[in-house]
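Enquirer: Here are the chains, one letter per residue:
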Amino acid sequence: MTDLAWIHGALTAARPQAVGALLRYFRDMDRAEEAFQDACLKALKSWPEKGPPRDPAAWLILVGRNAALDGVRKQSRITELPPDEEISDLEDAESQVAERLDGSHYRDDVLRLLFICCHPDLPATQQIALALRIVSGLSVAQIARAFLVGDAAMEQRITRAKARIAKADAPFEAPGAVERAERVAVVAAMIYLLFNEGYSAGNDAKRAPLCDEAIRLARLLLRLFQTEPEIMGLTALMLLQQARLGARFDAGGEVILLEDQDRSLWDGKLVSEGLALVDKAMRHNRPGPYQVQAAIAATHARARRAAETDWAQIDHLYQALERMQPSPVITLNRAVAVAKLQGPAAALAMIEPLENSLAGYFHFFGARGAFLLQLGRDQEARIAFDRAIALANTPAEAAHIRRHLDRLMEIRAS
Amino acid sequence: MLYTLLCYNKEDVVWSWSKEEDDAVMNRLSVVHEKLVRQGKLGPSLRLLPTTAAATLRSGMVIDGPFAETKEQLLGFYVIDVENLDAALAVAKELSAANPTSVYEIRPIALYVPEARPNAPKDMIRAY
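Respectively, the protein sequence lines represent chains E and U.
Counting from 2, one number per residue, gives the positions in the first sequence under the numbering used here.
Counting from 5, one number per residue, gives the positions in the second sequence under the numbering used here.
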């Protein structure tokens, strides 16, 4: 890895803490971001020569603050601060000062930053865009590309979000326990939405970084809430799903279903981290939707071959999820486990009542087609598959169903 | 004399490396590993999962997260092969009962490379 890649990684990792602290000083998002940018430019000049500081965040906070104050002093013709080269020689003293200033504030600063991005007045799309810009530090152009909109439109979305926050006068004091819990749940939901944006985009390289950013934000949140089992569950869920990325598509970009995936292509490091977090969360005995979904993903991850999947456990977990969050989509997912355990007729009977609520849902017709096919009801299967193709969200989804149909034709012809 | 080399780094940076970046570092390390293996100098080595996956046993209490105090120092470690976190905690509790003032951080291992010395001693080796 080059020095530049290392510096880039260190700047990105330090960003939430540094911008959070600068926001506390300036109480103004634009000034905080500007000060951070100034500090980054100085880091790019100074770090390759002097080597990176031991505590990059502390360095960036101090230099960013000084740069901003320096600007104010210049304007008011007061004595300038010593040049940054001198400050940077005082590495240890500097860390201590910054530590005293910021060590105790770390948690509140990062949390404030996340809370501001996930302000309840903002629609989810603006929350995500703001978090990617301010916490992750992606450029407006990068975010625009990931959401398939133009740069100007994304710029406007972010500007609007900032204006709305300024109008809402986001408080800088840490919220009370109840409000904090509510807002952490909003942050978690934002992170999972962000992940799903990337995940549902499939193998589109432009959008793939969204999943990595979501995991990075989840780890950040988990470091702030080390004992919160739902945050462990959320992080585990995304790690276990992301682990399958290399196996989800064939060379032609077509979808490979979970049961047909080459499991040796799953990322073992992500799987073991996900499983370890599920283990940790379970000890708390306070189940929640993210934990249950993570447990389902973990059950798949533990099966070395698709045939070894513990479908009874998955059925059981989906039942738990249905109780927590009754939803036809969850029932539909459970039907897949029921089909494995009791056969396609039972599964079909289970999903028939869902047709009204899932009339526009691709996966409903895909599953119904598959169950009908297994029952030998080809004509009805074909109708369901046709309906699924019409409702497909991506070309890969449509192509996948078409392959089902082709197979159906082949089987019946021979 | 046997030595252990403990590797420290910023985990939020390291665990955000892309697969290419991670592979590049691991490949450079493996050049060093292979040389040590040829020289018969490399014992077991391992890479840990991030501290977010850790739990800590202190005075009989299980705390989520890594060992985070600076008042105690690292004095030794075990590698154990057990089913899950609960089983690992049960072992830690036994050790803790035998040595009550010690704190145990239980951290899952991401990668374990076994002993590579062809004539690795089977008996206990003491430096004292």
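In case anyone wonders, no lab produced these hints; they're calculated from the structure.
Be aware that one or more of the hints could be misleading.
[What the hints assert, rightly or not] Stretches of chain U that chain E covers, calculated by requiring three or more beta carbons in the stretch to come under 8 Å of a beta carbon on chain E: (1) 6-20; (2) 65-79; (3) 98-110.
[Said to hold, decoys possible] Listed below are the simulated EDC-like cross-link pairs for lysine to aspartate or glutamate, each with C-alpha atoms no more than 20 Å apart in a straight line: (4) U:Lys14 / E:Asp213; (5) E:Lys168 / E:Glu156; (6) E:Lys207 / U:Glu24; (7) U:Lys75 / U:Asp85; (8) U:Lys14 / U:Glu24; (9) E:Lys46 / E:Glu35; (10) E:Lys270 / U:Asp27; (11) E:Lys51 / E:Asp4; (12) E:Lys43 / U:Glu15; (13) E:Lys51 / E:Glu34; (14) E:Lys341 / U:Glu24; (15) E:Lys168 / E:Glu353; (16) E:Lys168 / E:Glu34; (17) U:Lys126 / U:Glu109; (18) E:Lys207 / E:Glu398; (19) E:Lys341 / U:Asp27; (20) E:Lys341 / E:Asp311; (21) E:Lys341 / E:Asp268; (22) E:Lys168 / E:Asp122; (23) E:Lys168 / E:Asp311; (24) U:Lys45 / U:Asp90; (25) U:Lys45 / U:Glu98; (26) E:Lys163 / E:Glu34; (27) U:Lys23 / E:Asp213; (28) U:Lys39 / U:Asp127; (29) U:Lys23 / E:Asp4; (30) U:Lys14 / E:Asp4; (31) E:Lys341 / U:Asp26; (32) U:Lys23 / E:Asp205; (33) E:Lys270 / E:Asp213; (34) E:Lys270 / U:Asp127; (35) E:Lys341 / E:Asp387; (36) E:Lys270 / U:Glu15; (37) U:Lys75 / U:Glu87; (38) E:Lys163 / E:Asp213; (39) U:Lys23 / E:Asp261; (40) U:Lys23 / E:Asp263.
All values derive from a computational prediction rather than experimental measurement.
Beta carbons are placed, not taken as given, at the ideal position from N, Cα and C, and that holds for glycine.
Enquirer: Could you run down the list of hints and mark each one as holding or not?
Expert: We went through each hint and held it up to the structure:
no., hint, verdict
1, 6-20, "holds (count 5)"
2, 65-79, "holds (count 4)"
3, 98-110, "violated (count 0)"
4, U:Lys14 / E:Asp213, "holds (18 Å)"
5, E:Lys168 / E:Glu156, "holds (18 Å)"
6, E:Lys207 / U:Glu24, "holds (17 Å)"
7, U:Lys75 / U:Asp85, "violated (29 Å)"
8, U:Lys14 / U:Glu24, "holds (18 Å)"
9, E:Lys46 / E:Glu35, "holds (17 Å)"
10, E:Lys270 / U:Asp27, "holds (12 Å)"
11, E:Lys51 / E:Asp4, "holds (12 Å)"
12, E:Lys43 / U:Glu15, "violated (24 Å)"
13, E:Lys51 / E:Glu34, "violated (25 Å)"
14, E:Lys341 / U:Glu24, "violated (38 Å)"
15, E:Lys168 / E:Glu353, "violated (48 Å)"
16, E:Lys168 / E:Glu34, "holds (19 Å)"
17, U:Lys126 / U:Glu109, "violated (27 Å)"
18, E:Lys207 / E:Glu398, "holds (18 Å)"
19, E:Lys341 / U:Asp27, "violated (39 Å)"
20, E:Lys341 / E:Asp311, "holds (10 Å)"
21, E:Lys341 / E:Asp268, "violated (26 Å)"
22, E:Lys168 / E:Asp122, "holds (10 Å)"
23, E:Lys168 / E:Asp311, "violated (52 Å)"
24, U:Lys45 / U:Asp90, "violated (35 Å)"
25, U:Lys45 / U:Glu98, "violated (33 Å)"
26, E:Lys163 / E:Glu34, "holds (12 Å)"
27, U:Lys23 / E:Asp213, "holds (11 Å)"
28, U:Lys39 / U:Asp127, "violated (25 Å)"
29, U:Lys23 / E:Asp4, "holds (17 Å)"
30, U:Lys14 / E:Asp4, "holds (15 Å)"
31, E:Lys341 / U:Asp26, "violated (39 Å)"
32, U:Lys23 / E:Asp205, "holds (17 Å)"
33, E:Lys270 / E:Asp213, "holds (14 Å)"
34, E:Lys270 / U:Asp127, "violated (33 Å)"
35, E:Lys341 / E:Asp387, "violated (24 Å)"
36, E:Lys270 / U:Glu15, "holds (14 Å)"
37, U:Lys75 / U:Glu87, "violated (32 Å)"
38, E:Lys163 / E:Asp213, "violated (24 Å)"
39, U:Lys23 / E:Asp261, "violated (24 Å)"
40, U:Lys23 / E:Asp263, "holds (19 Å)"
Checked against the numbered hints above, the structure breaks hints 3, 7, 12, 13, 14, 15, 17, 19, 21, 23, 24, 25, 28, 31, 34, 35, 37, 38 and 39 and satisfies the rest.
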